[in-house]
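Using the sequences and the hints given, assemble the complete structure.
First to last, the protein sequences are chains Y and G.
Terminal number for the first sequence in the numbering used here: 272, no gaps in between.
Terminal number for the second sequence in the numbering used here: 341, no gaps in between.
Here are the simulated lysine-lysine pairs, DSSO-like style, with alpha carbons at most 30 angstroms apart:
id	chain 1	residue 1	chain 2	residue 2
1	Y	K187	G	K89
2	Y	K228	G	K47
3	G	K89	Y	K134
4	G	K44	Y	K134
5	G	K24	Y	K134
6	Y	K179	G	K89
7	G	K47	Y	K134
No lab work stands behind these hints, which were simulated from the structure alone.
None of these values were measured; they are calculated from a predicted model.
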Amino acid sequence: MSLTIDELKAKALQIRRDAIGMIAAAGSGHPGGSLSEADLLAALWFRVMKHDPKNPQWAGRDRFILSKGHGCPSLYSAMAHAGYFDPAILPTLRKLGSPLQGHPDRRFIPALEASTGSLGNGLSIGIGIAHALKLDRSDARVWVMLGDGECQEGQVWEASMYAGAHRMENLTAIVDYNKKQLDDMVKHILPLDPLGGKFAAMNWHVLEIDGHNMAMVVEALEESRKVKGRPVAVIAHTITGKGVSFMENDPKWHGVAPTKEEATRALAELGV
Amino acid sequence: MVREFTLGPATREAYGATLVELGKTNPNVVVVDADLSKSTYTAKFGKEFPDRFFNVGIAEANMVGIAGGLAHSGKIPFCSSFACFLVNKGYDQLRIAVAYPRENVKVVSSHGGISIGEDGPSQQSIEDVALMCTLPGFVVCVPADEAQAKDLVRRAAAHQGPVYLRTGRPKVAKVYDGGEFPFGKMRQLEEGTDLTIVANGLMVAEALKAHDALKEEGITARVLDGYCVKPLDAEAVTRASLETGAFVVAEEHSRFGGLGSVVAQCLAQHAPAPIEQVCVEDTYAESGSPQQLLEKYGLTWTHIVTAAKRVVQRKGGPTRREPPAGAADKATESEPHPFEV
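Structure representation (structure tokens):
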């Protein structure tokens, strides 16, 4: 799939609508981070990543890990519209028996490359996969999306130090830097800045972008493929709750589902 | 007279040697270690197969996550460090990156138990078996000697799914010349009718010595090697209960959550019988030579003999008993004795 920038924007809008609808129907979930990452996911799944929905276990596929597992509604939407499963099941999110578990679960959807939800785990798993791909002489790439609050976990920096030292050029970490975590603003809980500087100090190639500027997102992700001898960190500056005015920049919406009335207002803002 | 054993290599040495053997025959076998490869004996593999060996540095959480990723991509990663660091520091990763997605990772620890000796309690692992048994899908084994460790390492590689093997630091008695040790089974080493001693790790040799001492006093003990803690051989335990009616379980592990716990659970469900545990009580140990520690913390054949006599007396009598005299001395004063909590 290789959509134009305008087509990707439309996909991102669709992802946002789905995420709000799914979380509202479930009555629980994480709207803030699901909306902030939507443009990044649209660019990855509909343009940048090499993958084949008809052959999910294709050996040559790029691997994507959503380390910030709580953002899975948007991931499920992207994968459904890419053809991995029927979008009709999206409203079953978090319901008993649904493959769309509250956090990504490989037992139910093998096309998910990792089961996540305990923050900090994804980058290490991605490194293991990247090592295995090199051993198998594959040119596939590993993409790991991290939350910014997640970067407070020590394991992220164990993994970051390791990937930089081992010059893992087939690995891109994307930080959805929306500046909010569950309790408050990231800067009020445990500031991360300079976030790019931390990765750079560990021998990563760092790209800082506006995570809602689709052309910039696509350019950075495609550039990361070309970097030799170093892993790539894409620090994507985003807005929590992006696209829904009353959710934007409010940490309250990190982990609270909208009511039916709030969801209707949110969807109206998203053009539904 | 109790039998004497020839001292053989440590189970960690058996692990290292078998890894090299596996590396030669299976190109998918890879190893991750966290800066303890000389102690876990994975260094030999690293020297032979440098491209399949990843020393991650002192970062156990990252190590276990990497192992999960390698397994996800079709490799058979063996992941090693000291038991206390590998299991305790890597526990969230063992849960999220290995057990939950059921990745084919072989977690092989060294320096299990208190017999590591002089380094002291921060390096002594008395909790690992309990922690690993609670992770769904894991096979959990504690080998007694070189031959058993080699078989279990080969078996772990051939098994599809996560496996935990706990190896030890000291050279240990040679119990076996070889043999097959399937998961989910126990090995009967002696027949007896008065009680059953179930043991694993270095307590297997002690159990056999206790068997000999008890025999001289007219007590016949069945001895089962409980090398596989999970899945437990419930059939062997139940049969032993019906045929001998009393148990001593001996292990180099905390009283809580190890072999003693799972055997007691099995008995309570299938064939209740009095049981005594020879184990590390609810306390951390200290520095000392391995032998000094095993004696001080109650892990020798003489402790098994004492426990055996006690449990035989309880057969047919009340199954509830008072705390053993002097048992509280084993725990430090600030910590409650397990019978008081």
